[in-house]
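So the protein sequences, as listed, match chains A and B.
Note that the numbering used here has the first sequence beginning at 1, numbered continuously upward.
Note that the numbering used here has the second sequence beginning at 1001, numbered continuously upward.
The set of hints was computed from the structure by calculation and includes no laboratory data.
Note that beta-carbon positions come from the ideal geometry of N, C-alpha and C, so glycine has one too.
Incorrect hints may have been included.
Incomplete in silico selection of chain A near chain B, CB under 7 Å [what the hints assert, rightly or not]:
1. Gln71
2. Leu80
3. Ile89
4. Lys95
5. Val97
6. Ala99
7. Phe183
Quick list of in silico lysine-lysine cross-link-like pairs, BS3-like style, CA-CA up to 27 Å [to be verified]:
8. B/Lys1027 to A/Lys95
9. A/Lys37 to B/Lys1128
10. B/Lys1152 to A/Lys36
11. A/Lys95 to B/Lys1128
12. B/Lys1114 to B/Lys1152
13. B/Lys1152 to A/Lys37
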Amino acid sequence: MNTLTSLLSISLGMILVENIIFSQCLGICPFMGVSKKMDTAIGMGLAVIFVMTVASAVTWLVNEYLLAGLQYMQTVAFILVIAALVQLIEMFLQKMVPALYSALGIYLPLITTNCAVLGVALNNVGSTFAEAVVRGLTGGVGFTVAIVLFAAVRGRLEFAECPRCFEGFPIALISAGLIALAFMGFQGLSVFG
Amino acid sequence: MNNILLAVAVLGGSGAVFGLILAIASKAFEVKADPRIESVTGALPGANCGGCGYSGCAGYARAIVEGGAPMNLCASGGNAAAQAIAAIMGAEAQTVERRVALVKCRGGYHARKKARYDGLHDCAAAMKVAGDGPALCAFGCLGFGNCVARCKYDAIHLVDGVARVDQDKCVGCMMCAAACPRHIIVPVPVHQDIVVACSNHERGADLRRYCEIGCLGCRVCEKACEHDAIHVENNLAVIDYAKCVSCGACAEKCPRHLISDANLWQEHDVVEAKTR
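The shape of chain A in the complex, shown without the other chains (with noise of 0.2 Å):
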């Protein structure tokens, strides 16, 4: 398989078989915590494909070449790293491009070490750069997607009638439960056969 058909069965894999929410089941507390609205989702999301990118890129970095011979450490090294750089990356923006400091606000913090980005990091053990690069991103994007399409029906679910003991948090996650089933219908599918 070459570079380009690579790369592009990641991406469909991370965005919709392999979704990072419905079929991975990571990241489940940002997706339940801030789907109420959905200019909140949409936030998170963005802050997410942000995060994720840049932390696969340098996870990657630091698997490749800090951690050879050491990579039982990989998880409790990962967390160091995203942790740090986020925060990093939250002073650098706040500085040096505010409006995108505050169209992330929050969400950026929040997601310092989600398991969702940590998780896409230690699946990129393993994989070139530019796939885990590519993982990332759209691992954020499949994020995105799912969050986004969540928030639209947890909107609807305010006005469904439901049983009393059903109302809220229950529902919502059955609904989620319903959606990953759903998108078992994406399994099997791949990029050039």
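Given chain A, put chain B in place with the hints provided.
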């Protein structure tokens, strides 16, 4: 043993390096915030009602300090807040004209319904389900109290099936107006007695069929006014508060007794007593 030492060294070392980088970065990328922003935020009531047009009290404070926004926009804090802010900013205090919300409808039980609506107790939902609402009037208050639920100051209540503002409690944040899907809540000067409490733009003959008290657009008020302050536009009387002197001539002549606020509610209490 070597392995452990190596792991500790690598992780500790990289931790120390990252810490150092962050420490340097925090100095290099330091953003200096004006200390006045915080004190102005402190002088505001902190209700974050958004009535000033900015995103909450902190947003308004930043606009005052950095953007030179007017200092008398906080309806909730009133003159006290305006003076405190002016003291911080070293400027002369401007007075706050207190404005309160007015629901431009008194229909309620005096307006006929076209259908019985048993759905969700929510104005926006009723408008969606029942074809622009169960009321025959396409402009009036629906009476499900979206504004009541939104008010943080307990200043708006449903009276006779229509929302009514308690002028003493209202701070003029206008969050009720934002919640109203009919857009019939407007700001008016406080204790302004001369108001047209109707939003209906239909012809008087049509309106008469379903509302006992709505504005007919008969222009009697227009003729009664000596100050050219009230005009019928698109079948609805509109008051120009720049010209109005609150003489009450229009209120006296109005065949629907729609204009004087105090009169109106009294009048209705009488009507209701009769129907009971």
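Taking the hints in turn, this is what the structure says about them:
{"no.": "1", "hint": "Gln71", "result": "violated (11 Å)"}
{"no.": "2", "hint": "Leu80", "result": "holds (6 Å)"}
{"no.": "3", "hint": "Ile89", "result": "violated (10 Å)"}
{"no.": "4", "hint": "Lys95", "result": "holds (4 Å)"}
{"no.": "5", "hint": "Val97", "result": "violated (11 Å)"}
{"no.": "6", "hint": "Ala99", "result": "violated (14 Å)"}
{"no.": "7", "hint": "Phe183", "result": "violated (30 Å)"}
{"no.": "8", "hint": "B/Lys1027 to A/Lys95", "result": "holds (11 Å)"}
{"no.": "9", "hint": "A/Lys37 to B/Lys1128", "result": "holds (20 Å)"}
{"no.": "10", "hint": "B/Lys1152 to A/Lys36", "result": "holds (21 Å)"}
{"no.": "11", "hint": "A/Lys95 to B/Lys1128", "result": "violated (46 Å)"}
{"no.": "12", "hint": "B/Lys1114 to B/Lys1152", "result": "violated (32 Å)"}
{"no.": "13", "hint": "B/Lys1152 to A/Lys37", "result": "holds (21 Å)"}
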